[in-house]
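Put chain C on the given structure of chain V with help from the hints.
There are 2 protein chains.
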Amino acid sequence: MKKLTTVSLKLILWLSLSIAATTQSAFAQDSALGLSAGSIEHAISLRDTAMQGSMAYDIVESLTTEVGPRLAGTEAEARARDWAVAKLSALGFENVRVEPFTIPGWERGTESAELLAPYPQPLSLTTLGGSVATPDAGIEADVVFFPTLTDLEAAAAGSLNGKIAFVSHAMQKTQNGSSYGFHGRLRRSGASIAASKGAIAILIRSIGTDSHRMPHTGSMRYDPEVKKIPAAALSNPDADQLERIHARGKTMRVSLNVQPTFTGESTTGNVIVDIRGTEAPEEVVIIGGHLDSWDLGTGAIDDGAGVAIATAAAKLILDNGRRPKRSIRLILWGAEEVGLLGGFAYLERHKKDLENQIIGTESDFGAGKIWQLNSQVSEEAQPLVNKMAELLAPIGIAPGSSDSPGAGPDLTPLVRAGMPSLRLNQDGNDYFDLHHTADDTLDKINPHDLDQNVAAFAVFAWLAADTDLRFKTD
Amino acid sequence: MKKLTTVSLKLILWLSLSIAATTQSAFAQDSALGLSAGSIEHAISLRDTAMQGSMAYDIVESLTTEVGPRLAGTEAEARARDWAVAKLSALGFENVRVEPFTIPGWERGTESAELLAPYPQPLSLTTLGGSVATPDAGIEADVVFFPTLTDLEAAAAGSLNGKIAFVSHAMQKTQNGSSYGFHGRLRRSGASIAASKGAIAILIRSIGTDSHRMPHTGSMRYDPEVKKIPAAALSNPDADQLERIHARGKTMRVSLNVQPTFTGESTTGNVIVDIRGTEAPEEVVIIGGHLDSWDLGTGAIDDGAGVAIATAAAKLILDNGRRPKRSIRLILWGAEEVGLLGGFAYLERHKKDLENQIIGTESDFGAGKIWQLNSQVSEEAQPLVNKMAELLAPIGIAPGSSDSPGAGPDLTPLVRAGMPSLRLNQDGNDYFDLHHTADDTLDKINPHDLDQNVAAFAVFAWLAADTDLRFKTD
Numbered sequence: 134m135k136k137l138t139t140v141s142l143k144l145i146l147w148l149s150l151s152i153a154a155t156t157q158s159a160f161a162q163d164s165a166l167g168l169s170a171g172s173i174e175h176a177i178s179l180r181d182t183a184m185q186g187s188m189a190y191d192i193v194e195s196l197t198t199e200v201g202p203r204l205a206g207t208e209a210e211a212r213a214r215d216w217a218v219a220k221l222s223a224l225g226f227e228n229v230r231v232e233p234f235t236i237p238g239w240e241r242g243t244e245s246a247e248l249l250a251p252y253p254q255p256l257s258l259t260t261l262g263g264s265v266a267t268p269d270a271g272i273e274a275d276v277v278f279f280p281t282l283t284d285l286e287a288a289a290a291g292s293l294n295g296k297i298a299f300v301s302h303a304m305q306k307t308q309n310g311s312s313y314g315f316h317g318r319l320r321r322s323g324a325s326i327a328a329s330k331g332a333i334a335i336l337i338r339s340i341g342t343d344s345h346r347m348p349h350t351g352s353m354r355y356d357p358e359v360k361k362i363p364a365a366a367l368s369n370p371d372a373d374q375l376e377r378i379h380a381r382g383k384t385m386r387v388s389l390n391v392q393p394t395f396t397g398e399s400t401t402g403n404v405i406v407d408i409r410g411t412e413a414p415e416e417v418v419i420i421g422g423h424l425d426s427w428d429l430g431t432g433a434i435d436d437g438a439g440v441a442i443a444t445a446a447a448k449l450i451l452d453n454g455r456r457p458k459r460s461i462r463l464i465l466w467g468a469e470e471v472g473l474l475g476g477f478a479y480l481e482r483h484k485k486d487l488e489n490q491i492i493g494t495e496s497d498f499g500a501g502k503i504w505q506l507n508s509q510v511s512e513e514a515q516p517l518v519n520k521m522a523e524l525l526a527p528i529g530i531a532p533g534s535s536d537s538p539g540a541g542p543d544l545t546p547l548v549r550a551g552m553p554s555l556r557l558n559q560d561g562n563d564y565f566d567l568h569h570t571a572d573d574t575l576d577k578i579n580p581h582d583l584d585q586n587v588a589a590f591a592v593f594a595w596l597a598a599d600t601d602l603r604f605k606t607d
Numbered sequence: 134m135k136k137l138t139t140v141s142l143k144l145i146l147w148l149s150l151s152i153a154a155t156t157q158s159a160f161a162q163d164s165a166l167g168l169s170a171g172s173i174e175h176a177i178s179l180r181d182t183a184m185q186g187s188m189a190y191d192i193v194e195s196l197t198t199e200v201g202p203r204l205a206g207t208e209a210e211a212r213a214r215d216w217a218v219a220k221l222s223a224l225g226f227e228n229v230r231v232e233p234f235t236i237p238g239w240e241r242g243t244e245s246a247e248l249l250a251p252y253p254q255p256l257s258l259t260t261l262g263g264s265v266a267t268p269d270a271g272i273e274a275d276v277v278f279f280p281t282l283t284d285l286e287a288a289a290a291g292s293l294n295g296k297i298a299f300v301s302h303a304m305q306k307t308q309n310g311s312s313y314g315f316h317g318r319l320r321r322s323g324a325s326i327a328a329s330k331g332a333i334a335i336l337i338r339s340i341g342t343d344s345h346r347m348p349h350t351g352s353m354r355y356d357p358e359v360k361k362i363p364a365a366a367l368s369n370p371d372a373d374q375l376e377r378i379h380a381r382g383k384t385m386r387v388s389l390n391v392q393p394t395f396t397g398e399s400t401t402g403n404v405i406v407d408i409r410g411t412e413a414p415e416e417v418v419i420i421g422g423h424l425d426s427w428d429l430g431t432g433a434i435d436d437g438a439g440v441a442i443a444t445a446a447a448k449l450i451l452d453n454g455r456r457p458k459r460s461i462r463l464i465l466w467g468a469e470e471v472g473l474l475g476g477f478a479y480l481e482r483h484k485k486d487l488e489n490q491i492i493g494t495e496s497d498f499g500a501g502k503i504w505q506l507n508s509q510v511s512e513e514a515q516p517l518v519n520k521m522a523e524l525l526a527p528i529g530i531a532p533g534s535s536d537s538p539g540a541g542p543d544l545t546p547l548v549r550a551g552m553p554s555l556r557l558n559q560d561g562n563d564y565f566d567l568h569h570t571a572d573d574t575l576d577k578i579n580p581h582d583l584d585q586n587v588a589a590f591a592v593f594a595w596l597a598a599d600t601d602l603r604f605k606t607d
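Keeping their order, the protein sequence lines are chains V and C. 134 is the number of the first residue of the first sequence in this note's numbering; add one for each residue after it. 134 is the number of the first residue of the second sequence in this note's numbering; add one for each residue after it.
Only chain V is shown next, with the shape it has when bound in the complex:
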């Protein structure tokens, strides 16, 4: 063995002191953020482990293959809950439970439409969720064309008597999905607006940004004061076709037959599991995605991906031994698509325990990479959110607004009730190409993009749960 020289010994001493100083300084940072010692290092380790490959893709592969479509309130959604309980238990989570609730059931039936005149041809369309049916024999009527919802709103009362309204406003792509709110109003409210003018049905251009023969479904609601009329969405190429025919100055006549049914009170539920905190287990940091999907596709991007991301993040934390001070609660929500009903049911059930719902975030915007972190927390907790942003910057996530409430759809009821929120915004440029269509299938998901999401969810959940800081402003 070679003898150590004085110089070598001095070097070792210097290095040891440096490392100790670094560690001490790191632990001081932990402490300043209310974290246990080494907590930030643990978050970094979780992040880096996820980036090297998470199990998220396997989870969404399993859900979309072994359950497939899972419309809220159906036996398919019940199978998804069974799948979730079995999967979470197999992953080693303890005390997996379902919080059941009931919803008004709706199921799609047959649906078809044809352009009868001036140029007979079939149309590709799908019934909007919650729509009433046509009579069994369908309806047949002339079409009145409106470029936008505003134009429909401007139509005179009675001007659509006996007609089918068609509104063709085309949604545009945005990174943050903000166009969905604006254009989505046509889907949500168009039927009653058209009915108030006398229309007997409404067709809308799909609220979607693709150019495939893939109509987009999604939920709609009726104004209780107005007659309920059937509502359906045409695929974008079909809407283009009707626009071209309208531009020729021709009257279009359409036959429409949609046969959805209202199936009465139906059971659904939220599937819940906790990673129990060591110091304040009653306080929960919520992550999740929603288990239900529309019935047309297998719900891979909406929201199998979210289920997979949140579950894989929780599993990563579970497997890394260390436990946070607060509990991390994973919620796989039921009945999101039909009105955030899982979120409302959870609020109702836990409203006496609101103070313990510390903060939360949901993954429900597809399978793209996260590019931005938005939040709304107390001044006290802002430095911790800044630290999260700092740890996520190397994986492509930039801090956005610190005054942006919103944690994902299913947490909306809790956030409205005062829960602080954080959102990890995914790139949504392509999300509405697939959203609510038959084309929402596993092949659209890039496993590596999911890993980046898991990394961000793990960093958030770990740090939010391991701090003593209060996220809520008093």
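Everything labelled a hint here was simulated from the structure, so no lab data went into it. Just so it is clear, the structure is predicted and the values come from calculations on it, not from any experiment. Careful, some of the hints might be misleading.
Identical copies carry no separate label here, and so any pair may be met within one copy or between two of them.
Said to hold, decoys possible - When the alpha-carbon atoms are kept at most 30 Å apart in a straight line, the in silico DSS-like pairs for lysine-lysine are as follows:
hint : residue 1 : residue 2
1    : Lys-577   : Lys-383
2    : Lys-330   : Lys-296
3    : Lys-484   : Lys-458
4    : Lys-360   : Lys-458
5    : Lys-502   : Lys-296
6    : Lys-458   : Lys-361
7    : Lys-502   : Lys-577
8    : Lys-360   : Lys-484
9    : Lys-502   : Lys-306
10   : Lys-383   : Lys-330
11   : Lys-306   : Lys-577
Chain C in isolation, oriented as in the chain V frame:
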């Protein structure tokens, strides 16, 4: 007026002589290729005019909008013929005529399938053209999985008794479409091969290269010695799904209900018009595309684009005043999709006049740019084909094989009967993403790419018709 100097006069004299020499040399080239004087310059002018914007897009817009889907033998295809006669007449062509013939009619009915076990979910599929129906109530059977057609062929007789065969061989993209022949055999012949082993139905992975929930139809045939069984294609994502389930070692059970009908003897026809030649009008150079389409989409790329390209090329030549020596015959073929029946009917009708079918080419490979010129002509005519290639090189077309018979599907009967051929190969990398699906709609077409096709067709048609050279080897 400024007086001309001696130097200026000398310059003018020199320039005049140069121009005359150039012209003379150009005309010598024309003459050497059997062309009328100035013919090559005319071809260049046609090319450049087309590249600045042809009317091809307007034509395919009109056909796909005003007719839409036009399955061979149906009243929709009859409307397409009416459209063609009216359109060609309106464009100024004289003596537009229909050569009618009859075909065995087949129409798609309802079609549905469900995976019943192990993971119940609907499947997206479409009946293959020419398939028999299931019983009214449908069939229900276990599925036997085969990765390739070769594996199906290797199955023992009787091994599929009472089962549904599923063959999942995935087609790959190629620029020249050559993979279609190999993979397409599964669609064309799979049913009888499966039936010969005892299968009661066959499901195939779509012969298509997309990953959308868009099953691809297309024609199939039965071996007359074997029991006819229903045949349908799953979309690629559905085939992926079944592969994943098969990989789990689970037995799949499927219900299938397809209700196509054989509609008996049905009328179809080829729509024909000539630009009459000045010296040998009985000799015809054929260009065209096919009017019929599958019923799922509006037949924009298959083959509205081909109709539009060939028609716009003929119109360009028509409008440029000068007439070629031979006639240019534009044929908008009927009933291509169901077995090149328009091509066979034309051969039957014109078989006594075969020698006057000088050469031809059809556009039937989508709306992508042409990248290659293949041909099979006499040695005498090869220099003219070389000249065509030279004129097309500036627009991105390279000479390919000069020993490659083939002029497009509808000309196959004529080429087999000895007609010389030339093919302007379009880039087919994306063609089978849309081919034979509901997604074959106008929005998939780039007008500028059509212009390049029109330029190439105009150059070919003009030069082939304006030469005295014989394309056929004696």
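Comparing the hints with the structure gives:
1. Proximity of Lys-577 to Lys-383 under the C-alpha cut-off of 30 Å is restricted to the inter-copy arrangement: shortest distance 24 Å between copies versus 39 Å within a copy.
2. Taking CA atoms no more than 30 Å apart as the test, Lys-330 paired with Lys-296 passes inside one copy only; the shortest distance there is 10 Å, against 55 Å between copies.
3. For the homomeric pair Lys-484 and Lys-458, the shortest alpha-carbon distance inside one copy (22 Å) is at most 30 Å, but the shortest distance between copies (89 Å) is not.
4. Within a single copy, Lys-360 and Lys-458 get their C-alpha atoms no closer than 54 Å, and across copies no closer than 70 Å, so neither meets the 30 Å cut-off.
5. Proximity of Lys-502 and Lys-296 under a CA criterion of 30 Å is satisfied in neither setting, with 44 Å inside one chain copy and 44 Å between copies.
6. Taking CA atoms no more than 30 Å apart as the test, Lys-458 paired with Lys-361 passes in neither setting, with 52 Å inside one copy and 68 Å between copies.
7. Both within a single protomer and between protomers do Lys-502 and Lys-577 lie at most 30 Å apart by alpha-carbon distance, with minima of 13 Å and 28 Å respectively.
8. In the homo-oligomer, the alpha carbons of Lys-360 and Lys-484 never lie at most 30 Å apart, since the shortest distance is 35 Å inside one protomer and 66 Å across protomers.
9. Taking the closest pair of Cα atoms, Lys-502 and Lys-306 come within 30 Å of each other both inside a single copy (16 Å) and across two copies (28 Å).
10. For the homomeric pair Lys-383 and Lys-330, the shortest alpha-carbon distance inside one copy (22 Å) is at most 30 Å, but the shortest distance between copies (54 Å) is not.
11. For the homomeric pair Lys-306 and Lys-577, the shortest alpha-carbon distances inside one copy (17 Å) and between copies (18 Å) are both at most 30 Å.
In the structure shown, a violation is registered for the earlier hints numbered 4, 5, 6 and 8, in ascending order.
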